[in-house]
Amino acid sequence: MTLLEFASGPGLQWALWIFVFGVVWRLIGALFLLSRKDLTKPREYNSMKAGLGAILSRSAPAHAFEKSIRFQHVTGYVWHFALFVSVLFFAPHILFFKSVLGFGWPHLPNTIILVTAITATAVLIALLIRRATHPVQRFISTVDDYISIFVVLIPLITGILAFAHFGARYETLLAIHLLSVEAMLIWFPFSKLMHAIMTMPARYQAGTAFGRRGVKA
Amino acid sequence: MNIEAMSLQDFRGLLQQIGEGVAGVDMSDEERVKRAKKAFMQKLNGHRAVDLDSCLQCGMCAEACHFYEATQNEKYAPVYKYRLLRRFYRREMSPMRWFYRLFTPDIKAADLKEWQHLVYDTCTGCGRCDMICPMGIKISAGIRVVRHGLAAAGLVPPEMRIVRNEQRDENKLFGVGAEQLKALAAKLGEQGIDIPLDHEQADVMLLTTAVEILLFPDTFASSARILNKSSANWTMFSDAFEATNVGIITGDDPTMKLAIKRIVDKAEACGIKTVVMPESGHAYQTLRWEGATEMNEQLPFEILSMPEFISAEIKAGHLSLNAQSNGASVTYHDPCRLARKGGVMQQPRDVLAALGLDVRETPANRRENYCCGGGCGEYVLKDAADLRQKAFEIKKREFEDTGADTVVTGCANCRVNLLIGAENSGWQTPVTSFVETVAANLAD
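Residue numbers (this note's numbering), protein chains in the order written: chain C, 1 to 217; chain X, 1 to 444.
A portion of the hints provided could be inaccurate.
What the hints assert, rightly or not - Straight line, CA to CA, 30 Å or less: simulated DSSO-like cross-link-like pairs of lysine-lysine:
| id | chain 1 | residue 1 | chain 2 | residue 2 |
| --- | --- | --- | --- | --- |
| 1 | C | Lys-37 | X | Lys-273 |
| 2 | X | Lys-38 | C | Lys-37 |
| 3 | C | Lys-216 | X | Lys-187 |
| 4 | C | Lys-37 | X | Lys-315 |
| 5 | X | Lys-273 | X | Lys-187 |
To be verified - Cβ-to-Cβ under 7 Å is the rule here; a few derived chain C residues that face chain X:
| id | residue |
| --- | --- |
| 6 | Asp-38 |
| 7 | Lys-49 |
| 8 | Ile-140 |
| 9 | Asp-145 |
| 10 | Lys-192 |
| 11 | Met-198 |
Read the hints as simulated data drawn from the structure, not as lab findings. Being a predicted model, the structure only gives us computed values, none of them experimental. We put the CB at the ideal spot given by N, CA and C, even for glycine.
Bound conformation, chain X alone:
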């Protein structure tokens, strides 16, 4: 396979240009506060209320946050990142609001601007804090509500806003749309890798991401090769292939629903039975664990991540792998939204072990794994570059502890972030994709 991909350097250049010189959303302070409060009101449900009423303010969550660990800045304690929501709940919704109002300050536009840094730059929504909380509070869900409020108040950082607008208005990301998918499919076809496009009779629908098409076409080709070897009668739809959901990343509800709807409508119209997700943690979490609720219906198809699909095909005897015997070692980086937020932790390990690889675990792994440092769209934010690098250093230490030859991950966004971090710090260990590792060892 010989497909020219955008270099990491060029992709970094592209990220640098996004949002450059773009002004903020023009809105009066009163309007911002009004809209943020309305969004808080809509999103603050019974689960979040129980969470907010349970917090002990013990601060243990700070110990789980890679950004706090990397900086020791107390403002980065997860409990503080959702403090704005707590203030809103106490003043406006709590059964004790008449009492709390006496000493809980109202939300001001300046607060919203302060929290813009806290919930976009310093939180990747990885949910590691959710795992440490002695009360079981889903802190990351609370922080996500704050993102919703800020998105409603026009405070999505410009880089994210530009990308969000592109997905919402043009059904494209980083300039990648149907044309680019078709061009790549044609090139791969010339090399003997069949990409069945727009086959309405198919049972299985594969999605991809703009990042894969631009930066990791090998991952895309690998997914196709695996599906071609499998029992699946599959296709990709040129008008509904993008799995990335910038809506969930920015906290912008209408875009989140729209991006889900594009996929769901297409799958339903064509009678798709299975949607296979590409290597993108947040895309899997969004469609698999929120799609049905957002669409207000039980979806008539199942949604599988690549590790789940591959593992099931191997078990059913439809796919076989060549086991290596060269003693190569790998460590698997759990993408947070695939692992602790998605429940896909054992399958990738089983498959890697079936390849004969020596699978080594980082000290914190599976549901306790450290985030790559750039999830939830954070890797597009210029202001957060230093923070991301500091968080990457934690990841690097974890990887080095294993002594593994290669890092394998199941999320292109994690991979981008790890590659950028590695490049910045001159770290040489290769970071590769799970499906590429599998596809390289497919048995005939």
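So that you can see chain C by itself, here it is in the shape it has in the complex:
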């Protein structure tokens, strides 16, 4: 079995299993911990509207905070947008998704993907530098924060190298790229990468908790 055969075969399968099982396990653990029923009389409010409202409203900082968190706000948007475009609209990625899901979707030209991938990489490196140098971020950071950045950064860099056929044989680069994605999938449920899944329930519960008191979350 070549490295590429392993990476695209059992390696990928195992990584996906760990990812799915880990995410479900962690979700069950957190969401099924009991909370006491709130017996206080709520103000007039619609719980679903308040919950969904918070999912939207927390996508932008409240007015008073806008200035102080502008860098993180802007880089956060650029990072996620560039990442999603690179992952979801690169032709070979879509072929891969089609082989797993059974359906595909239109792709974007390679030059655009190259730009988004380089942008995502650059922004993530900037965020890494900020984490290592900003007094608060440096102080609060744990090993999880740094590993999480690296396991996302490496697939981006290896992806760009594979795309550019730079540094090694294409098959080797592709195998390394796949393995790095698998490392990310395995790390995901153990780490703060879980935020991708937890954002919705976390914001929703904030929305309903504030909503019942008549406060916009």
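With chain C held as given, fit chain X onto it using these hints.
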């Protein structure tokens, strides 16, 4: 009205004496850790678990914290203040605990002592950080769980512990009990302000606080005058009048429940339909938004803050106000537990505007308002005096930005803290109470 109040200077002297020379709670380190962990386990519910599992460690919450802003000390980032709870969750409760245990340090007695400074001296539980978090994490609720753990471990700061013990054991605060209430009611009665005490047939029950009785009897008298003018058939009970809840402030659950129970039992026994809260943000939050859950029943009466009560009475045509036309301007300081934690933000503004006042907003207001700097009992803590003053300077800048003649607030604790801050920095703008402002303009 001519009631002699304790001067701010004397009240500050009283605060200085509290807890002086009092030793810490004697407990072995193992016992402290055991008790703190047990409290964490009890309080760490599904909501907090989702919060802890969602944190990005982005550190934005620091930007919302007045203590971080005032000091730039990274330890005061709210995310760090509940780090102890995160460590506990990861080691003991998380579905991934078998993995996290490999590199998450266990909680030690030294950690508890370090966090005593972080969650009592450097956090007023104002919840401004809750409003900035991109994930919607209720950071202040997590920090409150840490307070619970420390309270269980006998690490409530001595000043707070003394006050807590007084409320728990004697149903008094700062020496104020039924006698002092009766004496004040009698004095006010002589001046034509009727305080109906212990009328079991009443529908409305007014609460007050020891701080009002001692320091702000005018606020107390104003509440009474407003209720006398309103449609309410009201009373105060001399054995259940104290709205302050030192239990929630210290993180001591049994005292919190006891203080709520005293009020709830009395109201239920007398068939009270409405409980009107005095100017105390945390007291309103505790009874209105936690009382029923703590008592494990739906309460048979409604709980209103003064701004809600006044606003409803005006709307119903039971209360009318004289509108001023002298162009006076005010800025309203939102008490955090009345505003972002209580949902009472529009009513006080509407009432002040109905008085003809020019109501000006601080740059950060309503749900984004800065804390006075001394909430959640923090103004009794001697070690936090410098920090409070630094946080007050932020508040002062906010107020000055409005150019308003007067600061009005709906919480006696905020008022005490703002007055102390103003006195320390020689700031002259008057800080007054919302109900006093209303009562001064009641129409005949």
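Indices of hints not satisfied (ascending): 3, 4, 7
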